[in-house]
Amino acid sequence: MAKLTPPLPGALRPKPKRPSENGNGATTPKDKLAEVGVSAVDWVDERTSLSAGARWLMFRKVPKGTNWFYTLGSATMFAFLSQAVTGVFLAMYYDPSATRAYESVRHITNEVFLGEFVRGMHKWGSTVMVILVFLHMARTFFFGAYKYPRELNWIIGVVLLLLTLFMSFTGYLLPFDQRSFWATTVALAINGTGPLIGPYLNDFLRAGPEFGVTTLTRFYALHMLVLPGIIAALIGAHLYLVARLGTTAPPWMKADISPELRRDEA
Amino acid sequence: MPVSADRTPKKPVTTVDRSIPGAFEGETVTRRRFMTGTVHTAGAIAMAAFTLPAIGFAMGPVFEKREERWEAVGPIGDFPDDKYIPRTLTVEPGIGDVGKSTVYLRKYNPKLDSEAQDEYSAFVAISTRCMHLGCPVRFVEASARFICPCHGGVYDFEGKRTGGPPVRPLDRFYTRVRNGLVEVGPRYSVNSELKRFSPRDPGQPLDGIGPYLYPARPTTRKIPGT
Chain A
343 MAKLTPPLPG
353 ALRPKPKRPS
363 ENGNGATTPK
373 DKLAEVGVSA
383 VDWVDERTSL
393 SAGARWLMFR
403 KVPKGTNWFY
413 TLGSATMFAF
423 LSQAVTGVFL
433 AMYYDPSATR
443 AYESVRHITN
453 EVFLGEFVRG
463 MHKWGSTVMV
473 ILVFLHMART
483 FFFGAYKYPR
493 ELNWIIGVVL
503 LLLTLFMSFT
513 GYLLPFDQRS
523 FWATTVALAI
533 NGTGPLIGPY
543 LNDFLRAGPE
553 FGVTTLTRFY
563 ALHMLVLPGI
573 IAALIGAHLY
583 LVARLGTTAP
593 PWMKADISPE
603 LRRDEA
Chain B
27 MPVSADRTPK
37 KPVTTVDRSI
47 PGAFEGETVT
57 RRRFMTGTVH
67 TAGAIAMAAF
77 TLPAIGFAMG
87 PVFEKREERW
97 EAVGPIGDFP
107 DDKYIPRTLT
117 VEPGIGDVGK
127 STVYLRKYNP
137 KLDSEAQDEY
147 SAFVAISTRC
157 MHLGCPVRFV
167 EASARFICPC
177 HGGVYDFEGK
187 RTGGPPVRPL
197 DRFYTRVRNG
207 LVEVGPRYSV
217 NSELKRFSPR
227 DPGQPLDGIG
237 PYLYPARPTT
247 RKIPGT
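Protein chains in written order, with this note's numbering: chain A, 343 to 608; chain B, 27 to 252.
One thing to keep in mind: the hints can contain errors.
Chain B side only, calculated, beta carbon under 8 Å to chain A, not exhaustive [to be verified]:
#: 1; residue: V88
#: 2; residue: P101
#: 3; residue: I111
#: 4; residue: V124
#: 5; residue: D227
No lab work stands behind these hints: they were computed from the structure.
Every value quoted in this text rests on a predicted model; they were computed, and no experiment measured them.
Don't be surprised by glycine CBs; every beta carbon is placed ideally from N, CA and C.
Work out the full structure: start from the sequences and follow the hints.
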């Protein structure tokens, strides 16, 4: 592990003191304060070895030609984090009951301080996240970054895409206005056209043969507990594989072949 | 990790041959393997003990038997046999307006209707749920057609599809007369010949192999013998 851990970048390495500073060997209060911080970090690190993991994750070598397109994955992750944070705070005011859901959403939008802003973040953020997922996927596809040995990461990404869309589907019902009710009715009917399992899947999602008392709570539980949990776990796996396998160079970069190898080929 | 048999020498079968101290003669499973297996089994049982009830809890409503609801919608005289009268019906109690649905009612008309007649068909009750994807249809008197606003599904006076994407005629409700009042009961689906089937969701065709591709839920069936 120690060998594989990349060294600290120069800026983070402790520098030796200039001879002019504290030439007489006395310590200033600033030094003492720094010493407290360092020893606290050391105390945790000695017991967890977290710094090796953090270095492994953060100070990776990236190929030549890495450009702004490579930030789409992080952008998607930050969109998810934004959805998670705004969603948690919306849940403080939202009431997932069929008779009061619309009223609670109206209350959030019109009366709660910054309610319209936080709900707007969540609503428009969901669209932004779907767009970013597709752009990230397009980048991966057009740069050929799905090829060996990164196929598994592509598969995890596809599952994350489906989960993101399922999040959009379950979240769309929650305001419980006319649009979201009929959109969900239509979406469930589309789902039901899947032969053999469609009807049963519909009954599971609706909690019965008709849109009923517990349909909304079921969608709410899927939207705020089940799906975010799975998505967070899969993002962890996705990031682990990115750190482990590294990123690809863009397809227009030529590999640097050493002169000897080139002579061998010829 | 699978190890191919030709590369590793075969292990002796009994623990005595492997000179494990304290092993009984003829013992084939080491105590360590036994303990490992026991712990894994205990873990699996513990997992199942909370996973299976949770799944059953979530799946429960799928298998719940629902009571047959009959709702009076008005006296017999309210419903002529040549035009539809809309009535609001509670399809799902307990969730306010969301559980209500409009249903179009009229008296059975032997000159127009092709549905087989029995005790439940003295009045015709047509569901307003479009059989394409479940939008609400409206009866337009001028053209004597049911028309869906979403994707242009069109049904004739009997509720049979005449245009657009719907896959089967509009669903119907059982009706009966009690104390001079027309009562509307459970919903059922029909195929293009107006043959009755157990209720299905929109978008599920019932002609040909349709009923087999889209099985009815075991808990909500059409009334037996109809």
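Status of the hint placing B/I111 at chain A (closest C-beta pair under 8 Å): 23 Å, violated
Hint check: 8 Å Cβ-Cβ cutoff, B/V124 to chain A: Cβ of B/V124 sits 6 Å from chain A, so the hint holds.
Interface hint for B/V88, Cβ within 8 Å of any Cβ on chain A: Holds: closest Cβ of chain A sits about 4 Å from B/V88, inside 8 Å.
Hint check: 8 Å Cβ-Cβ cutoff, B/D227 to chain A: 4 Å, holds
When the least beta-carbon distance from B/P101 to chain A is tested against 8 Å, hint result: 28 Å, violated
The structure fails to meet hints 2 and 3 from the earlier list, while all remaining hints are met.
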